[in-house]
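S.K.: In the order they appear, the protein sequences are chains A, B, C and D. Be aware that the first sequence starts at 870, since it is given in my numbering, and climbs by one per residue. Be aware that the second sequence starts at 870, since it is given in my numbering, and climbs by one per residue. Be aware that the third sequence starts at 40, since it is given in my numbering, and climbs by one per residue. Be aware that the fourth sequence starts at 40, since it is given in my numbering, and climbs by one per residue.
Be a bit skeptical, because a hint or two may be false.
Quick look at which bits of chain D chain B covers, simulated, 3 or more residues with Cβ under 8 Å [said to hold, decoys possible]: (1) 56 to 68; (2) 154 to 168; (3) 285 to 292.
The hints are simulated quantities; they were obtained by calculation from the structure and are not laboratory data. Quick reminder that beta carbons are idealized off the backbone N, C-alpha and C, glycines included.
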Amino acid sequence: MADFNSMELMICIAARNLEDGATVVVGTGAPCATAMLAQKTHSPNLCIMFEAGGVAPLLPSMPISVGDSRTFHKAIMASSMPEIMETCQRGMVDYTFLGGAQIDMYGNINSTMIGDDHSKPKVRFPGSGGANDLASLCWRTMMMTPQDSKRFTSKCDFITSPGYLQGGNSRYEAGLPLGTGPYRIITNMAIMGFDEESKRMKVLSINPGYSRKDVQDNCGFELLWADKIENTDPPHENELRILREEVDPFRYIIGR
Amino acid sequence: MADFNSMELMICIAARNLEDGATVVVGTGAPCATAMLAQKTHSPNLCIMFEAGGVAPLLPSMPISVGDSRTFHKAIMASSMPEIMETCQRGMVDYTFLGGAQIDMYGNINSTMIGDDHSKPKVRFPGSGGANDLASLCWRTMMMTPQDSKRFTSKCDFITSPGYLQGGNSRYEAGLPLGTGPYRIITNMAIMGFDEESKRMKVLSINPGYSRKDVQDNCGFELLWADKIENTDPPHENELRILREEVDPFRYIIGR
Amino acid sequence: MSVQLKTGRNELFTDPDPDNARAFFRTKSRELKSKISNAEEVVRTMLKDGDYIGIGGFGANRIPTAILHEIVRQKKKNLALAGHTATHDFQILVGGECIDRCDVAYIIGLEARGLSPNARRAVQSGKIKLTEWTNASLSWRLKAAAMGLSFMPTRNILGTTTFEYSAAKEIECPFTGKKFAALPALYPDFAAIHVHECDIFGNARVYGASVSDQDLAKASKRVVLTTERLITNDEIRQNPESTFIPFWCVDAVIEVPYGSYPGNMPYEYFSDEAYIKEWLAAEKDPEEFKKFMDKQIYGTKDFYEYLELNGGIKKIQKLRAQELLIDTEIGGKK
Amino acid sequence: MSVQLKTGRNELFTDPDPDNARAFFRTKSRELKSKISNAEEVVRTMLKDGDYIGIGGFGANRIPTAILHEIVRQKKKNLALAGHTATHDFQILVGGECIDRCDVAYIIGLEARGLSPNARRAVQSGKIKLTEWTNASLSWRLKAAAMGLSFMPTRNILGTTTFEYSAAKEIECPFTGKKFAALPALYPDFAAIHVHECDIFGNARVYGASVSDQDLAKASKRVVLTTERLITNDEIRQNPESTFIPFWCVDAVIEVPYGSYPGNMPYEYFSDEAYIKEWLAAEKDPEEFKKFMDKQIYGTKDFYEYLELNGGIKKIQKLRAQELLIDTEIGGKK
């Protein structure tokens, strides 16, 4: 088995979910690296979009900002933020990736604040940016994150971006588009999906070197478990090679 | 006094209402000729817009269609229909001109049909096009039309475009933007405005060769009269010269 | 204001539900693959009797004539049309007896050219079901769909008979209490748009007034582009801000040089006014008009034959000079 | 669904009434006259303490640095900001203690570069009143205003704490009964946008991703453009489809070459990442940061002095090579 760190692992696993011919809106960092890796392996036709307006660029390097010139370098379209968001709202965007400080068992994500007073937060984060929009409007939301029981919390201090809200049918009842929601949560320890009915987070596969106990111990709520838990297929040599040599040669992301 | 026909008269009078630096959306025919005449006389800075998207063209000749190439010849902008309509809705367009088969005492206009069965009209006309939109959203609506008592009717068979609806405050109460509405109706016989309170059509000025009686006899409803009725200042030599030589040299409009 | 809110009484021909539209768009291909086709194939496979269609351009400006004619040739029936300043396009489709429902903003007229006798007869006979709208209303209904919504609030059509015979509804603004019209989103089944340039994937550029075509391309479930000329994908990528319609909106691409004839194509050729006059004259007598349609459309195999019949490239040269205001007399006119 | 409709609990900083906005727009000049000005004059005469402002571009991409700095130099106070992926622009305005209210989509961060310690301190202290939104929400609030409406129905922010701390309202779609968010129209008092090219009247072109700037220019009551370069009105008229912002939206035009520095300007120069890192480092210690601001902004007379201080044209040459991926080493790197 090849040697890899957990960022490399998460990126390689996440990239496998992006099939050829799909559309994905990404931010800077790991999501962008993931989409680039998918493009350079099995999905040459993956259409990458950035929320400031860039569509399907030939990325010469990793962008610093989702609005910088790299995001529309030799692109199909240099459009606008409403253009991208409306394309999501119309149902033409398949995937997005989010990050956050907290996530709960329904995949709700907090990237706004820690504390209980909105006007004087203990810790303030940047806020939604486009995260709430993409989580609301893209078909499938994914997250890559290191797993610990503070981040995987029984209750987010603030729900910035919607997962399945209170579970069951509550997401659709709140007015969010039918059939959308969190799809995969990829951590250093495991791959999670969501239960069809209850919409609670459910472990599908455990990563090399971790046990069921590790996964549950590092989660602040009770996880569901698939009938058959897979062993995550670790990063392949060629995935790692392309990730290291072509996608992120300066190790901006995978060196973190 | 110069010799002129009633189309020339109406165009010259209408043009005087378009002050320099104003914005106006026009259609083909007399409204376009009016705007061009204003531009070539006292309002070089009049910004002419066409609903298909053309803005401030240097018109080489009269357009056949409000979407043909002349409407954006060396224009400031070749935009879109929503762009023009939204500019109107935002309150940036001062004037528009409408035509129609019927008009009532509140300036409501019919360009849709004659008859009482919408599904089988006696006579069908093209319908609103952009007329309803412009009448709803521009600040001041004007009309140039020959006057007779069938056209100036006590009740339109169909209100395609809103005037003051049922008069008084009914236009604003219906939801239409505050402070908008019909401004001047310019006929072969007279110039009409609207009463501040009742919003009924009110004669302001009588054209050369016509009497009060002519104006009322050729109107299917009772007209109000301004305290002081002016005699319309007839077309000036230079207005007629520019209209005939520069605006409509082939007499497409003024030859009708 | 807490008044009774009104509803237009006429039929809504399309489903404004954004989740139903999303379910369709979810299945629509986003692949960057060649979509080259031809008019016969497109109309046969992409358009069903009964479909709701939208036509790009503005009546007789930048219209997809090859597709309009092919719809007539293939005798498509019971189509519904977004009649958004429909002029020559409406004439063609009514001439072929293809439509039985129409969302009307502007029909039967040809702007400064006068009215179409045949289209007027058809509409007055009651054969075509009409729901009334306006140009802005149809633009905004398409925009609502392009945005993935079910309606757009607007400040037009209120208080008029136009509203009464529409399928709009009045709503109250939750912030100001003011009354707005709610216009239902319009998601057409099929749209045909003529563009200046596109690549084989459907990335397209349009010059001149764009009317509502950007929203039409996004709102429609199936979209065919006819194009004056194909360009390379490299060229698209050299000016990504010029892409007017992106590939994922497009299902088929057909190169049809002079494809807006007899309509005007901005910067390329002017409309053939003599031909349009001839068409209008033929319409006066139904028998005459039948012969005219036989000769012009049913009797021609495709757009190339039709164009040839009407003067071919030589005619286009004249219209091009007219468009560009070029004096092509030997030695000049003066 | 006939459920209780919710309302966001936080403050709406601006008036969404379209008739009040129209009353202003009625008085706004539509004259095609020269609007040439300078930053000192514009900030002194067009911006009042307490105004609500919007900034074009995207945080550190295509930003109107000259105007941002001048706002700080003139010590404008109690401004409200549309914080629409506000990064370096937010940093500058918070550094100058100019803002006390913010519609937040994204603040205090600089995307991949990390967080701003000073902006974070200011926000955590409670000195700046926040109402929560999202990038799409602010885009659509501007679009609602650009369209002359009081709100836009949308399908985001529903069901979240973001909604709870917003000033949005839930509404029911009159056609489908589905729940939508109603986002109040946002009409800023003042907007500053940096563009690639414009004429003296304010007809402007922008290349690359345009973010929300077209709607921002339309929605705002007073608009200043800074431009990389002035072009002639003739050039505008040669490609009327390229006009991104029309003159009637614009109140002042200032030619500021390299005016997005230290931000990225598409196709012109890349962002100065070393400088932004230096700024972030200086922010860690409030005393250090005061000195930094004194040197960089209060101590420079205008944008030209500021640019000179940071390397002038020579620095821009380097950033230009970076932007265009040109290898400027003698003989090439390899």
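S.K.: For each hint, tell me whether it holds in the structure or not.
M.R.: Structure-based check of each hint:
| no. | hint | verdict |
| --- | --- | --- |
| 1 | 56 to 68 | holds (count 10) |
| 2 | 154 to 168 | violated (count 0) |
| 3 | 285 to 292 | holds (count 3) |
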